Amino acid sequence: MKKRVIIVLKYMALVIIAGLFLLPILYMVMNSFMPTKEITEAYASSADHYANFHLIPDQFSLEQYYQAFLRRPQFLKLFWNSVLITVPIVLIQCLISIFAAFAFTKFEFPLRDALFFIFIILLILPSWVTMVPNYMMIQKLGLMDTVWSLILPSSFSAFGVCLLRQYMRYVPDETIEAARMEGAGIFKILFRIVLPQVKGGIASLMILSFIDNWNMVEQVIVYISDKDKYPLSVALSEYAGTDTGIIFACGVIFMIPALLIFLYHSKEFKNARV
Amino acid sequence: MKSSLKPTIIKISIVFVLIVALMTYFSGQIDNYLLPHVTKTLGGDGTLKYRLRVDTVVEQPPESKAYVLTIDFPVGDIAVSEGTFVSKGERMLQYEPQAFAKAKKALNDNVKSLEKDQQKLYTEYTLAKTKLAAQSALDKLMQTHAQLEAAQETYDTFVARFDSEGWILAGKDMEIASVSAEIGSTVYSGNALFYYAADTTALQIRFTCDRSLGELAMIGSEVTIQVPLISNGETVLRKGTATIIEKKNLENGVECTAEIKNVRLQEGEKMPTYGDKIIVETDFESQQYGHIVMKSAIHDDSYVYVITKDEDEKRYVYAVPVTIIAENDFYAAVDMTAESLPLVMTSSKELEDGQRVIVDD
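These protein sequence lines map, in sequence, to chains A and B. Under the numbering used here, think of the first position of the first sequence as 1, with each following residue one higher. Under the numbering used here, think of the first position of the second sequence as 1001, with each following residue one higher.
What the hints contain is simulated information worked out from the structure, not anything from laboratory work. Owing to the predicted nature of the structure, the values given are computational and were not obtained by experimental measurement.
For lysine-lysine, the following DSS-like pairs were computed, each having C-alpha atoms within a straight-line distance of at most 25 Å:
1) B:Lys-1248 - B:Lys-1277
2) B:Lys-1140 - B:Lys-1112
3) B:Lys-1006 - A:Lys-270
4) B:Lys-1011 - A:Lys-77
5) B:Lys-1309 - A:Lys-227
6) A:Lys-199 - B:Lys-1006
7) B:Lys-1349 - A:Lys-37
8) A:Lys-37 - B:Lys-1314
9) B:Lys-1006 - A:Lys-267
10) B:Lys-1314 - A:Lys-229
11) A:Lys-77 - B:Lys-1309
12) B:Lys-1239 - B:Lys-1049
13) B:Lys-1011 - A:Lys-270
14) B:Lys-1314 - B:Lys-1349
15) A:Lys-229 - B:Lys-1309
16) B:Lys-1295 - B:Lys-1040
17) B:Lys-1011 - A:Lys-199
18) B:Lys-1277 - B:Lys-1247
19) B:Lys-1314 - A:Lys-77
20) B:Lys-1314 - A:Lys-227
21) B:Lys-1131 - A:Lys-227
22) A:Lys-267 - B:Lys-1011
Hey, can you work out the whole structure from these sequences and the hints?
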């Protein structure tokens, strides 16, 4: 009896916590089906009252999606800006992290551990600390106000290297040795032997890297001045000020790519040992 | 997530990416299809034309005609009397000298004051630091310019009537039938100063129009007439002109008397005679207005949509209230802000304030 009560209480607590985490997303999705007039009336800022909390729409409408997809071509272009920035970062980051982690795990070379220790320190260092030297370097390279000013610094991730190194440590050396004796080269060993065993880690890295860079804000504000080159993560805050009527639909559309990537890799993500 | 759902996720992702890609690629065409298409018109200063069309008949003129002014006339001196025969250019009646000088000065001062205002507004316009300030100054400048032109015309007309000492001069040789003015009195606008023997061979017509048109029909102005004649067994219309010689206010309109001056006849055709039908078809021109727009641009008689452009060359419309000062069938003289911006004349869809539109040039 006591055990059952504890189980029920546990589940209740979990449901409540899950509910609290899901509430903002549920709120955003439900509000995205409100007509724009209802949104502007409910959330118009006023000195007299706070915004009205509105979960269920008074009138179900797809007007926000119609406005976002068909009447705001600028919004779609900003979406592609986000894709243009995020996809190269994720791909380059994964590639570099795979090679670096493989080197750190399966190769012996001078100062290997000291170098890896530096990577650990980089993990601890906040990104804003390196922002000024990064800015100076990008300015000297003439990459200011271009997407490369966002892609290049973010492509080199100490976190990715550390994450994949942890996965690759569990790949048995014997399998690599056996493959070497069979005549396999380094790249064959990496792509045929090691990578299939660290799929979970790569999936985790892709998801985390995608989400992190999809939501990039500070670097954009520092390196990009042309508003047409802004990704959606920054432009959404402007929409909140000028185009409140469609902001929820824009948020849902912004959320969809990250959600799809997570769902696709969720099995590997769950099975992975982090 | 089960592996079997992975293909579904891929399909959803592909569909999502395709939809967004197609919407982005065709966003221009979609905009073109969904956005309202408008045609524009520009207002400007000018006059309103009012068309008069009325049927009447040729009348025999009275034995004497009245000489009427459209301004109040304080009588200073009279040089003619009943039975006097005056030649063209002779002095007849004098505007009271002090009043004449005062009236002339007042009209001249008005012109000079408007010239100063115009200069001041021009300086303000050239030195304006913001687009909004420049727009506002330009609107006021154009209004003042219209007022200046009207004031100048009033002054010129006043001065043309009299000689330098305020005497009315005879416009032609005539015999004075009677003098209704007295020295020291004021003959008010529209009343006869004196009567002179009419040319009984003249052809005269009389027609009535509503008060607004009547105000525009000035004594001495020409109206166009059409004279129906039988020529070679067919009814033809011949154009001619008549000059308004008299106006009389009626209870619900204005009665104008005009003398037929000429008719463009062809060989063998005769001038109309007493009792013949005449069609008066003429346009009267109003005073100068600062801003005239097409009536189709005005909504609910109270607002128009002005078209603005942002830095990306996109066009937006904004509702601006207007006050109609005068109107005819197609145009209206209005009072509004942002007069120099183009207005929406027609739209393919209902417009909303602040909406983006496509302007068809």
